[in-house]
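**Q** Sequence:
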Amino acid sequence: MVKRSFLFWQLALAVLLIDQLTKWAVVATMQVSQSVTVIPKVFSLTSIRNTGAGFGILQDQNAFLIIVALAAIVIIIASLRKILEEHHTTLFSALILGGAAGNLIDRIVYKSVVDFFDFHIWPAFNIADAALTIGVLGLIWLALIEKKKS
Numbered sequence: 001m002v003k004r005s006f007l008f009w010q011l012a013l014a015v016l017l018i019d020q021l022t023k024w025a026v027v028a029t030m031q032v033s034q035s036v037t038v039i040p041k042v043f044s045l046t047s048i049r050n051t052g053a054g055f056g057i058l059q060d061q062n063a064f065l066i067i068v069a070l071a072a073i074v075i076i077i078a079s080l081r082k083i084l085e086e087h088h089t090t091l092f093s094a095l096i097l098g099g100a101a102g103n104l105i106d107r108i109v110y111k112s113v114v115d116f117f118d119f120h121i122w123p124a125f126n127i128a129d130a131a132l133t134i135g136v137l138g139l140i141w142l143a144l145i146e147k148k149k150s
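Once you know that position 116 of the sequence shown is 116 in the working numbering, the rest is easy, because the numbers rise by one and skip nothing.
Please note that a few of the clues may not be correct.
Pairs of lysine-lysine residues, derived as DSBU-like cross-links and limited to a Cα-Cα distance of at most 30 Å, are as follows [what the hints assert, rightly or not]:
hint, residue 1, residue 2
1, K41, K82
2, K147, K82
3, K149, K3
4, K149, K82
Please keep in mind that the hints were generated in silico from the structure rather than gathered at the bench.
No experiment lies behind these values; they were computed from the predicted model shown.
Use the sequences and the hints to build the structure in full.
**A** Rendered as structure tokens:
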């Protein structure tokens with residue numbers, strides 16, 4: 001349990017640090033809306049400030065989204081003993097915690113979230129968004145597997 005706890009915190013912190021370092025690099029080196037083509041017509045690094053949640057929903061609802069992120073963080077930390085009982089739950093919950101914390105910092109510091117991965121056919125996103133998405137989809141997948149078993 002101690003080893004799993006250490007790995008949980010290590011992964012959550014790694015997500016948070018990588019997320020914040022990449023966002024810092026974007027903010028420090030790019031103007032808002034500036035785009036650098038990496039693969040023409042496929043992928044760019046584009047400096048965007050998202051005042052909402054994913055896919056443009058809840059625009060300009062910063063206070064509400066801060067509360068949602070804080071609630072997610074509190075729930076994960078309060079449920080940590082139960083989370084640590086299962087390896088995959090530990091992994092997916094750590095991704096959610098790191099991602100929620102990364103975007104929470106942005107909402108407090110910038111009043112928006114710094115997005116920059118731009119695949120042109122999908123809304124721009126960041127490391128925290130990717131971690132949150134993988135974590136949430138992973139927990140849904142685990143729940144479906146458990147439901148199928150019972």
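**Q** Now tell me if each hint is right for this structure.
**A** Checked hints:
1. K41 x K82: 45 Å, violated
2. K147 x K82: 18 Å, holds
3. K149 x K3: 28 Å, holds
4. K149 x K82: 20 Å, holds
Hint 1 from the list above is the single one not met by this structure.
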